[in-house]
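Trainee: Protein chains in written order, with UniProt numbering: chain A, 1 to 291; chain B, 1 to 322; chain C, 1 to 519.
Simulated from the structure, these hints should not be mistaken for lab results.
Each hint should be verified, as a subset may be incorrect.
30 Å max Cα-Cα, derived DSSO-like pairs, lysine-lysine [what the hints assert, rightly or not]:
no. : chain 1 : residue 1 : chain 2 : residue 2
1   : A       : Lys-223   : C       : Lys-82
2   : B       : Lys-65    : C       : Lys-131
3   : B       : Lys-65    : C       : Lys-366
4   : B       : Lys-65    : C       : Lys-164
5   : C       : Lys-451   : B       : Lys-79
6   : C       : Lys-217   : C       : Lys-192
7   : C       : Lys-508   : B       : Lys-65
8   : A       : Lys-49    : C       : Lys-316
9   : C       : Lys-87    : C       : Lys-152
10  : C       : Lys-272   : A       : Lys-49
11  : B       : Lys-33    : A       : Lys-186
12  : A       : Lys-133   : C       : Lys-367
Chain B residues, not near chain C, derived (Cβ > 12 Å throughout) [what the hints assert, rightly or not]:
no. : residue
13  : Val-43
14  : Tyr-64
15  : Leu-91
16  : Leu-122
17  : Lys-172
18  : Pro-184
19  : Gly-238
20  : Ile-248
21  : Val-251
22  : Gln-287
23  : Phe-297
24  : Ser-299
25  : Met-307
26  : Glu-319
Everything numeric in this text was worked out from a predicted model, so none of it was measured.
Here a beta-carbon is modelled for each residue, glycine too, at the ideal position from N, C-alpha and C.
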Amino acid sequence: MVEDRTFSGRLFSAVNFILLALIALVTVLPFIHVVAGSFTTSAELAANKFVLIPKVWSLEAYKFIFSTNTIFRALGVSIGVTLIGTLFSMFITALMAYGLSRKDLDGRRVFNFLVVFTMLFHGGMIPTFLVVKELGLIDSYAALILPSAISAFNMIILKNFFQNIPEGLEESAKIDGCNDFGILFKIVLPLSLPAIATISLFYAVTYWNTYMSAILYLDNSAKWPIQVLLRQIVVLASGMDHSATLDGTVPPPDQTIKMAVIVVATLPILMVYPFLQKHFAKGAMLGSMKG
Amino acid sequence: MQEVTAPPRVVPEPQPKKYKSSSELKKRLWRNKLLYVMLIPGVLYFIIFKYLPMYGLIISFQDYKPYQGITGSEWVGMKHFSRLFTEPDFLNILANTLILFGMNILIYFPIPIILALMLNELRGTFFKRFFQTLVYLPHFMSWVIVVSISFVMVTMDGGIINELLAYFGFAKINFLLSPGWFRPMYILQVIWREAGWGTIIYLASIAAIDPGLYEASRMDGAGRLRQVWHITLPAIRGVIITLFILKIGSVLDLGFEHVYLLLNSMNREVAEIIDTYVYTAGLRQGQFSYSTAIGFFKSIVGLIMVMTVNKVSKKIGEEGVY
Amino acid sequence: MTKKSFTLLLSSLLTLSMLSACGGNNNKEAAATKDPGASTGTNTTATTDPAAEPEKPTEIKIMLPLNTTDTPPDTIKNEVEKLTNTKLTYQFFPADTYEEKLNSSFATGSLPQVTYLKNQTTFLQMKEAIKDGQFWEIGPLLSEFPNLNKLKPEILNNTKVDGKLYTLYIGRPLARQGIIYRKDWADKLGLKAPANTEELFAMAKAFTEQDPDGNGKKDTIGVVDRNELVYGAFKTVSSWFGTPNNWAEKDGQLAPEFTFPQYIDTMDFFKKLREGGYMNQDFAATSKTDAVNMFTSGKAGLYIGGSMQDIDSLNKDLIKNVPDAVLDTHSMVAGPDGKFAQWMIPGYNNVVLFPKSAVKDEAELKKILKFFDYMMTPEVSNLMYWGIEGTHYTVVDGKAKATDNKELIEREVKGFKDSVIGEYETNGMYQSLNVLPGRIHAEELVLENVKYGVADPTAALDSATYTSKGVELQQIIADATYKYMYGQLDKAGFEKEVENWKSRGGAKIIEEYNAAYKK
Chain A
1 MVEDRTFSGR
11 LFSAVNFILL
21 ALIALVTVLP
31 FIHVVAGSFT
41 TSAELAANKF
51 VLIPKVWSLE
61 AYKFIFSTNT
71 IFRALGVSIG
81 VTLIGTLFSM
91 FITALMAYGL
101 SRKDLDGRRV
111 FNFLVVFTML
121 FHGGMIPTFL
131 VVKELGLIDS
141 YAALILPSAI
151 SAFNMIILKN
161 FFQNIPEGLE
171 ESAKIDGCND
181 FGILFKIVLP
191 LSLPAIATIS
201 LFYAVTYWNT
211 YMSAILYLDN
221 SAKWPIQVLL
231 RQIVVLASGM
241 DHSATLDGTV
251 PPPDQTIKMA
261 VIVVATLPIL
271 MVYPFLQKHF
281 AKGAMLGSMK
291 G
Chain B
1 MQEVTAPPRV
11 VPEPQPKKYK
21 SSSELKKRLW
31 RNKLLYVMLI
41 PGVLYFIIFK
51 YLPMYGLIIS
61 FQDYKPYQGI
71 TGSEWVGMKH
81 FSRLFTEPDF
91 LNILANTLIL
101 FGMNILIYFP
111 IPIILALMLN
121 ELRGTFFKRF
131 FQTLVYLPHF
141 MSWVIVVSIS
151 FVMVTMDGGI
161 INELLAYFGF
171 AKINFLLSPG
181 WFRPMYILQV
191 IWREAGWGTI
201 IYLASIAAID
211 PGLYEASRMD
221 GAGRLRQVWH
231 ITLPAIRGVI
241 ITLFILKIGS
251 VLDLGFEHVY
261 LLLNSMNREV
271 AEIIDTYVYT
281 AGLRQGQFSY
291 STAIGFFKSI
301 VGLIMVMTVN
311 KVSKKIGEEG
321 VY
Chain C
1 MTKKSFTLLL
11 SSLLTLSMLS
21 ACGGNNNKEA
31 AATKDPGAST
41 GTNTTATTDP
51 AAEPEKPTEI
61 KIMLPLNTTD
71 TPPDTIKNEV
81 EKLTNTKLTY
91 QFFPADTYEE
101 KLNSSFATGS
111 LPQVTYLKNQ
121 TTFLQMKEAI
131 KDGQFWEIGP
141 LLSEFPNLNK
151 LKPEILNNTK
161 VDGKLYTLYI
171 GRPLARQGII
181 YRKDWADKLG
191 LKAPANTEEL
201 FAMAKAFTEQ
211 DPDGNGKKDT
221 IGVVDRNELV
231 YGAFKTVSSW
241 FGTPNNWAEK
251 DGQLAPEFTF
261 PQYIDTMDFF
271 KKLREGGYMN
281 QDFAATSKTD
291 AVNMFTSGKA
301 GLYIGGSMQD
311 IDSLNKDLIK
321 NVPDAVLDTH
331 SMVAGPDGKF
341 AQWMIPGYNN
351 VVLFPKSAVK
361 DEAELKKILK
371 FFDYMMTPEV
381 SNLMYWGIEG
391 THYTVVDGKA
401 KATDNKELIE
411 REVKGFKDSV
421 IGEYETNGMY
431 QSLNVLPGRI
441 HAEELVLENV
451 KYGVADPTAA
461 LDSATYTSKG
471 VELQQIIADA
481 TYKYMYGQLD
491 KAGFEKEVEN
501 WKSRGGAKII
511 EEYNAAYKK
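Looking at chain A on its own, in the form it has when it is part of the complex:
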């Protein structure tokens, strides 16, 4: 895009930039606090509540959380589940979304409605547990993936993106002898990279945040993903568990440990976004092909 060199254009850019810089600052400060908090001592945190740049640096918190292999194991589980889960989910979601995006498909409204319906009505924890149990998935990693393999929300959004692809492209592909699978994989998917990147990110984050399925379906704590560890430490350290007894957890784990675990558990998934970001620009291809 060519830079707009008029005065009003520049003013617009400047105001926009300053506003965004302010917003970014507000969003990032608490995050800096968490990172700074993880690199200092609990005494410093107690004395100086909203630390942004620690006066005393310390690696104690990281030493503590890395002193056993639990966190590596949990990170490994999370990375594995996220990778496999995202690929699997994207595959079956894209198939379904494409099928339902085709306007000549009979019954598509009924299918769409039935999908939306599941966003509103849930059978509940216990019946779902029974299904997982009957399928023999208890204590298997598949229990973290299969019960949440398709998000109705993601499917609908992806379908929406597919619908915006000009039908002419599909028609011409058909004439060239492509069947529906061919159209999906050779035409539609390559043209929908921003959408694929977005929905993959959504799935990846969902899988990364898996907590309740792990607690319900995995009895072996060696298989727990990182979120279980994270939440356990955060809840203990925040004193927000609702299981008040005289016992409680005094002392709670150090606040510095809480922050270090947040950093360690968040960093891997944060790195996904910049990696996917470059695909957002590629969507422009669609326009150029149309034109």
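Assemble the complex: chain A is given as a structure, and chains B and C must be docked to it using the hints.
Mentor: What follows is chains B and C alone, placed relative to chain A:
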């Protein structure tokens, strides 16, 4: 590009063509057989993991005991529903829920759209990516963290904001306990945590816009704001409406954790919502049937809302979600 | 198949040799007290008769809440297995979401043989299922197990359901609550430990106004409290004022505590504290961690209502921030009428259940109870509570001194600590060796408290309405109590809320408790 109306949209509702005979339908079904094959994994998923467990809703008409199961539990008809509707605080709780939802729709919902448009107008790939990455960070902090950081900042007992107020000679404000501050705090935290994350879908659909459109409009001498109004916004209208309809379905389903963490004895009159009520009255007391009945009620209201908005959206020539 | 049985044989042989090895290794105290339990522990026929086949280790699956940051490694478990001839599978689940796991496992028939609950509230919720016969009754069997038989009858009584015993309890001292306060501040201002509630108020006031930390700034407060009426300061102070423990007789009928004038007096006490600025202003929204932090950062001088035994950890964190701080404990605070009173818990904080869905027959139940019988020997209880001698603790003067490596204990031992049945009087485990004067004082006070202990008369009673609506109703009272303390409700307003409580189910609870009480 002189007229202020949006460019004409080319989305006529392309229903399957009316067929004259069943043989024509059969023919079309056969032609689209591969599309149906594509639906199989998804349909199986929804049947097994979503529709199969839905028999669990039955327990809202029972006095369900886990050890007796659904077959053994006593039927009580509408007892749990009438308990909910006759609860003295029911109207207040419903109103609180609707007000928070209204704030979500009126205040929060437009913000990611505006933010996405602003991000899109940034010049220079580096800044664009840099700011995008920063604003989406807060989504990864759990509500526990968000609320505890807020606590440290706004508490009367040495919180930074109150210290600043005192320093400049203002009276301290009891953010945490006064009913008047609960809603602003709630919505600010929602905006802080979710707005940046919410831009992602919009940015992706903006990325799909044909750059040629902007080119042409610049030829016509349109300024930046004008391009946003005439090109970008109309192009993402479809996704805005889809997200809106899906959001409407969660009218009574605001989520439990965030509000529960902000809730205390002093602000309960404005902060108790259906989800926090379910937690205390249902789950914490092992009242499975009552919890399920309340969930059922929430779902039905959500369904009515979605169906209504979907209908309206189709009336005005939009796509709708089904 | 053959490989499996071979391993089994091998491991049982190993276990056997360990068992006999440990038999000679009884620690002093065990030998001194010479429990019958210790002898049953080693008295397996195998040890006396080497020709007999060694008994196969009992396989037991155990589910319990996780109160530490991470599930403990097998270090302790392996030792326990050796001592008890078992093959144990511990399934820990985060305490925070333990109810969800418990409920879904229960509803789908997948509870393990040994199911720990989370606290008294979860126990209350299970009562209906217990009455329905979902769990094994163990009362009649206890006498067969010499160690289990030592469990305190009065506490067992508190855990009975319809007069029958289904559970083993995890014991806790009856009244550990009190004050942990800044002795250095009090000394500096010439104050003695408060003998009555008036002096307590005066201390909070002095801690706020007289610059006890000597930094020239008015930046300290007296009391730090949190959003919790029972385990925060309120209930403890209320019992000093003479408020009954949850329920008491009034005109020949059981009545809830908040219908007594002493409850109002307590609220007035806190109202005045708050209005004077002698306590943290946001206490109705302050979490436990924030409250503890305010104390350990040297901002507040009085921490009331928690277990006085927490003084060790509070002290550890406090001296990091304020190196010359000195803490002490105190609990003998007389009410306006000059009398002492301390509320008491029912003597346990959690119980264990044995689901019929997992334990097939009485023979299997007995094998599992056998394991718990072992657990109540000093060897096993010490192992699970203190860890491995020499690694996690040492014995000094007949008491256990935990190693300075707190992380090691937190990691390897603490997860098992909360699962030990009974208490030191019954299972013979070591008491802790205390160094901190305030902690030694605390131990004396814990015993002293019981002399003035007030029990909850409803501890062993049932009320169906309380079970299904108690939490929800209690919230009405909690809200009204906080509003009163914040000056938003007056006495008439509070009484109106009590009426509200009654009309929404409270009256029924009163009725049901009284009916059960008369029996």
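Trainee: Run every hint past the structure and note whether it holds.
Mentor: Going down the list of hints, with the structure as the test:
Straight-line distance between C-alpha atoms of Lys-223 (chain A) and Lys-82 (chain C) comes to about 26 Å, which keeps the hinted pair within the 30 Å bound. Between Lys-65 (chain B) and Lys-131 (chain C) the CA atoms are separated by roughly 12 Å; this keeps the pair inside 30 Å, and the hint holds. At most 30 Å may separate the alpha-carbon atoms for a hinted pair to count; Lys-65 (chain B) and Lys-366 (chain C) meet this at roughly 28 Å. Between Lys-65 (chain B) and Lys-164 (chain C), the direct Cα distance comes to roughly 21 Å. Compliance with the 30 Å bound is thereby established for this hinted pair.
Restraint check for Lys-451 (chain C) and Lys-79 (chain B): not satisfied, since their Cα atoms lie roughly 48 Å apart, outside the 30 Å limit. With a C-alpha separation of about 23 Å, the suggested pair Lys-217 (chain C) and Lys-192 (chain C) falls inside the 30 Å cut-off, and the hint holds. As the CA atoms of Lys-508 (chain C) and Lys-65 (chain B) are separated by approximately 22 Å, the hinted pair is consistent with the 30 Å bound. Between Lys-49 (chain A) and Lys-316 (chain C) the alpha-carbon distance is near 19 Å, which keeps this suggested pair within the 30 Å criterion.
Annotation: proposed proximity of Lys-87 (chain C) to Lys-152 (chain C) holds, straight-line Cα distance about 28 Å (limit 30 Å). Under the criterion of a C-alpha separation no larger than 30 Å, the hint pairing Lys-272 (chain C) with Lys-49 (chain A) is consistent with the structure, at around 28 Å. For the given pair, Lys-33 (chain B) sits about 19 Å from Lys-186 (chain A) by alpha-carbon distance, which is consistent with the 30 Å threshold. Proposed proximity of Lys-133 (chain A) and Lys-367 (chain C) is supported: the alpha carbons are some 28 Å apart, at most 30 Å.
With a closest Cβ-Cβ approach of about 26 Å to chain C, Val-43 (chain B) is found to remain outside the 12 Å limit, as its non-interface label requires. Remark: the non-interface label on Tyr-64 (chain B) conflicts with the geometry, its nearest Cβ contact in chain C lying 9 Å away (cut-off 12 Å). Leu-91 (chain B), annotated as away from the interface, keeps every beta carbon of chain C farther than 12 Å; the closest lies near 15 Å. Its beta-carbon lying about 39 Å from the closest one in chain C, Leu-122 (chain B) satisfies the requirement of being farther than 12 Å from that chain.
The non-interface label for Lys-172 (chain B) is inconsistent with chain C: the shortest C-beta to C-beta separation is roughly 8 Å, within 12 Å. No Cβ of chain C comes within 12 Å of the Cβ of Pro-184 (chain B); the nearest lies about 16 Å off, and the non-interface call holds. Interface exclusion of Gly-238 (chain B) from chain C stands, the closest Cβ pair being 39 Å apart, more than 12 Å. With a least CB separation of 29 Å from chain C, Ile-248 (chain B) remains clear of the 12 Å interface cut-off, as annotated.
At roughly 24 Å, the least C-beta separation between Val-251 (chain B) and chain C is larger than 12 Å, which holds for a residue marked as non-interface. With a least beta-carbon separation of about 6 Å from chain C, Gln-287 (chain B) fails to lie farther than 12 Å from that chain, contradicting its non-interface assignment. Residue placement check: Phe-297 (chain B) keeps its beta carbon more than 12 Å from all beta carbons of chain C (closest about 17 Å). Every C-beta of chain C lies more than 12 Å from that of Ser-299 (chain B), the closest at about 20 Å, which supports listing it as non-interface.
No Cβ of chain C approaches the Cβ of Met-307 (chain B) within 12 Å, the least distance being about 32 Å, so the stated non-interface status holds. Look at Glu-319 (chain B): its CB is around 38 Å from the nearest CB on chain C, clear of 12 Å, so calling it non-interface holds up.
Violated hints, in rising order: 5, 14, 17, 22; the structure is consistent with all others.
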